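Chemist: Let the sequences and hints guide you as you build the complete structure.
There are 2 protein chains.
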Amino acid sequence: AAGPSAQDLLCINTIRTLSMDGVQKANSGHPGTPMAMAAPAYALWQNVLNYDPADPLWPNRDRFVLSIGHASMLIYSLIYLAGVRDVKHGTVLDAPSLTLEDLKQFRQLDSRTPGHPEYHHTAGVETTTGPLGQGCGNSVGMAIAEKWLANRFNKPGFPLFDYHVYTFCGDGDMMEGVASEAASTAGHLRLGNLTWVYDSNRISIEGSTDIAFTENVQKRFEGYGWHVLEVKDANDLPAFQAALADAKAETGRPTLIIVHSVIGWGAPKKAGTAAAHGEPLGGEEIRGAKKAYGWPEDQSFFVPDGVLDYFQQGLGARGAAASKAWKDLYAAYAKEYPELAAELADILSGTLPAGWDKDIPVYEANPKGIATRQSSGEVLNAIAPNFPWLIGGSADLSPSTKTNLTFQGAGSFQPPEWNGSYGGRNLHFGVREHAMGSICNGISLAGIRAYCSGFLIFSDYMKPPIRLSALMNQPVIYIFTHDSIGVGEDGPTHQPIEQLAQLRATPGVTTIRPGDANEVAEAWRTILPMTGRPSVLILSRQNLPTLDRTVYAPASGLAKGAYVLADSDGTPDVILMATGSEVSLVVQAYETLKAEGVKVRVVSMPSWDLFEAQPKAYRDSVLPPSVTGRVAVEMAAPMGWDRYVGLTGAIIAMHGFGASAPAGELLKKFGFTVDAVLAEARKQAAKA
Amino acid sequence: AAGPSAQDLLCINTIRTLSMDGVQKANSGHPGTPMAMAAPAYALWQNVLNYDPADPLWPNRDRFVLSIGHASMLIYSLIYLAGVRDVKHGTVLDAPSLTLEDLKQFRQLDSRTPGHPEYHHTAGVETTTGPLGQGCGNSVGMAIAEKWLANRFNKPGFPLFDYHVYTFCGDGDMMEGVASEAASTAGHLRLGNLTWVYDSNRISIEGSTDIAFTENVQKRFEGYGWHVLEVKDANDLPAFQAALADAKAETGRPTLIIVHSVIGWGAPKKAGTAAAHGEPLGGEEIRGAKKAYGWPEDQSFFVPDGVLDYFQQGLGARGAAASKAWKDLYAAYAKEYPELAAELADILSGTLPAGWDKDIPVYEANPKGIATRQSSGEVLNAIAPNFPWLIGGSADLSPSTKTNLTFQGAGSFQPPEWNGSYGGRNLHFGVREHAMGSICNGISLAGIRAYCSGFLIFSDYMKPPIRLSALMNQPVIYIFTHDSIGVGEDGPTHQPIEQLAQLRATPGVTTIRPGDANEVAEAWRTILPMTGRPSVLILSRQNLPTLDRTVYAPASGLAKGAYVLADSDGTPDVILMATGSEVSLVVQAYETLKAEGVKVRVVSMPSWDLFEAQPKAYRDSVLPPSVTGRVAVEMAAPMGWDRYVGLTGAIIAMHGFGASAPAGELLKKFGFTVDAVLAEARKQAAKA
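One line per chain: the protein sequences are A and B, in this order.
Reading the first sequence from the start, the letters are residues 2 to 689 in the numbering used here.
Reading the second sequence from the start, the letters are residues 2 to 689 in the numbering used here.
I should point out that these hints are in silico values taken from the structure, not numbers from a laboratory.
Hints should not be assumed to be uniformly reliable.
One copy or two, it doesn't matter: identical chains are merged, so the pair holds either way.
List time: in silico SDA-like cross-link candidates among lysine to any residue, alpha-carbon distance up to 20 Å [said to hold, decoys possible]: (1) K688 with T649; (2) K688 with G647; (3) K292 with A151; (4) K26 with P663; (5) K684 with T649; (6) K156 with H90.
Because the structure is a prediction, the values reported are computed rather than measured.
Modeler: Structural data, given as structure tokens:
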């Protein structure tokens, strides 16, 4: 096979040297992988990727995911060389996403080129990567999204969606469990629109992968049901392009292309060593590498004449034609299928469908009540028929989390081979919590509203993607049931204690623990319009009374995070605050105290972060600073409640792990009883 | 092949019916898997397991791990039938671990038979399982421990350690990423002493595994380098025992035995369905199953005559002989190798080696100082030569976490095939954080002191095993470096915010964030004697000044969690408190304020939970309730600090994600400057 043309080589070496120079100037970063993978990345972008640099928002663009996010200079160099345009507030600007100057500002304060690629920060970056394995999971979500969009919107003669998802991953990704889970899922779902390019350089931070990673990756992926190809030399462009063509042609299975590369390719001493991985090469090695590339040795950030043009002639021209053809197709489609076109426009703009909330139920007062997981399932099923692109599922727990969409036609998302349809709205993630979160981020990045569910304790298995939803401002909805020792018999391995604190402490996440069925309804009403951040719903396994809202304040107060549910005449002597299942407990205590003549207020506090976002005046109206008699009740770790009870208030919480027993007995054992609340409340009221 | 004998079948059906009855009486639990896997579990225990029910602490016993912890009635039935003795405070009692009455108390308050098997709660349970995949990871750690112990203690003619580890796992385990990571690790390490028995019943909670899990598990495990066997019928005892023999004979690779089973075997309607998985069968199905087994249909918890005896004749007699032989061997060994025998006794009793702390360095004052990751690496390397069974490593980050043991002979734990030795003390976990934690729990359960390390942000990838260390009281040491925005250029994906709060909120975990090199030394001095709980060390990437302890209070105050580092004459007007890298920042502010005549105190607060464990008098002496002028400074989420600053104090913390830039610039950007501390301190002091 012929090697790369001189022009190709010039482009490839430009990517390599820009990457080396960027890292060197920052005195921080990872030069080795961009040098190793410049050729395949170039070949993919320049000759294959269906991508229009002039419109990085084009809905049917191929997706490029750099799961090896530490190799960020690779994608920044490509974005610059390809001339990807900038985007602001959902609009493409007539300005480049990155300039040469931006590359020189790599890893500097407020630059466009942060250490790891960040979605929304740099146009052309499709997802935030760096935590290994996440890009792999995201890419499976993106491929699922394509299948779903194609199923819903494609019509005869109108192949609106047929994009392909390409992921560059490395040895680290291959070792991470989340990528394994995602790969198994992709194989099951037969995602023929997905290609992972595995940079097998056999070098990790501690040295050769021989010290920890000697499995047969090809065989493993064949076990997952993948199509596996191998390219023996990362610099062999024809071989790599042939593999890409094979991958595209295989529409019934995802493809893994194992590319053997030399980390730090071209560096005279550091090539092929861990020293090329995570630190600048140093002046001498850089000069040596540039010499090997036939580059001016002492010039930094050198872009030879013609390189930018050549990208425009290749990727630029191909992408422009493809996106124009698609836009023409879409215009015709909009005439033929105006409703679907309008729906697609809503999806792409993050607009909620009209009337999405019209069937949300109102719950009658009921002392026995229902579990919030149950009411949430009902509310979800009341919304979803009116919200066609709300899709999701569970990590093999939907009968318990009540997240299955049960209305006619909801269907399961499955490949035809498993007698299903890619138009199904119920996703079955299997017992793979971590991949579930990561996949939902990928689905969400396509504009589809994704939810996923599991037991709250297993949020521990999927914390990284929850954090990334927040960092990327993705409105993934996390539904976590079995929220406390109320789980009962399953015992301490299944009873969350610290998980609420964890989620509340995570920036950019809205955590809501509703106290009854009507708060659940309000929670959904609140969550869905929040399209710029993830939400977490924390729900009970056990029944909770449905409060009589003719007696207590309306549940609409939930939107403010905390609200006065029941009050005294005049300034209260003590404020009882609680969330979730403990709200009805403090309401019971309130009724007793009120009958005794104690001046008591009940604050339902389903969401701390919604409350903290309120003006101080509102917060002080709910929790008047002058009232220091305060009791907080929550069946979770006490961390954080001091903020609301102060140095002298009382917190009734869990101070260790739970136990296995019927829930009612656990509540007694751990002191979540009306009597316990009364005792603390009386002490606090006595301070007044 | 002949089927099971009548006597065998009686035992197997006793396991099945006890399991069904236990779940039914509790009205909660998972009957289907015990019914399906009773035959293989029986065959393993009765005919193969090298286990002495009369001495469940026998060091060379084979380990049985029930990774499918929801099938807890399976192991409880076995423990009861085998007559495993009880253990209390490390001593075997002359009483059974479980009685028939205990089985009847399944999942009841304070019973010996909680919903999922709990280590230390029920003798015979080797590790706490339930969160799927964890038992798989633990078992890899146990197998590593055996290899290490054998390498260290076995001598010609004295094969002290040659135990085998058996793990029962299910479809859920196979789907969990942590198990994938652990399997890849076990394959690399060539753990021929490990056998996983995979219960392939093709039923998960949402229904057939066809909806989510259709990979070729055999091929996947062959890719990992495992020896894979298949048993087509879980009830075919000869076939299963032949597979176990094959597994034992294959000493160069771990073995996966895929056992095809029918969940709820014998139940007339629910067998083979998801209905048999997670809820009681109901009276009718139980009667039907009992009829199918030839059992008295209306008798519960029925143990036919002879069954208990038969277990004693099989497992009991074999185990007694084996453990006696081993004890004789050990007695002879102790004469020949008294020092090694004494060391082994220390390991098994959790005693620290004499003089383990004698070389811990003291650091001279140094304004430039060193990173706490660096001083921690030095302290670790000063302790480890004197603590021969302290072993550990990193998830491919040891050059960054500084956890490599560098002294002569420390070595890498590797199989001979990779030119290493199982006596090595540096473990290479690869980029597999989750398995790393789970493996360390397994190593720790063997009495070996295990540590592991990574970046603090990636503690998110391994939260479940950290929690399980705490639940099991295992003294695993978690070393997390790169603790804040001090990470700098790597940016927000790599900068922890909420992780400190998460770890502090987790029950039973001691989290320490030392403020300088001498606090690091004290942290290690504090951690190692705490043999009943995990510890987490939080360390900086960047240099921190080494405080002059002739000017400021001694670092030994760390042991109390918080201590007065610098003080005013008389009652202070304001208390500045901080942890880690922010300690030197508040010390600088202190010096300025002191020079201005402000009465100010500095409290170094490296460990909240150690502080909370102090008597109130001490806590009040450090943070006098009368002093309400308080400023807390920490480059992390503010959650929890309100406890120490009260409703009117100030918290300088992170209120969102970090950014990518040199660390010094980030500190300015996010307000971690002496000026910012001074401004808040002056405001607070003005209140006095």
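Chemist: Now tell me if each hint is right for this structure.
Modeler: Structure-based check of each hint:
| no. | hint | verdict |
| --- | --- | --- |
| 1 | K688 with T649 | both (10 Å within a copy, 19 Å between copies) |
| 2 | K688 with G647 | both (13 Å within a copy, 17 Å between copies) |
| 3 | K292 with A151 | neither (48 Å within a copy, 53 Å between copies) |
| 4 | K26 with P663 | between (62 Å within a copy, 12 Å between copies) |
| 5 | K684 with T649 | within (11 Å within a copy, 22 Å between copies) |
| 6 | K156 with H90 | neither (30 Å within a copy, 71 Å between copies) |
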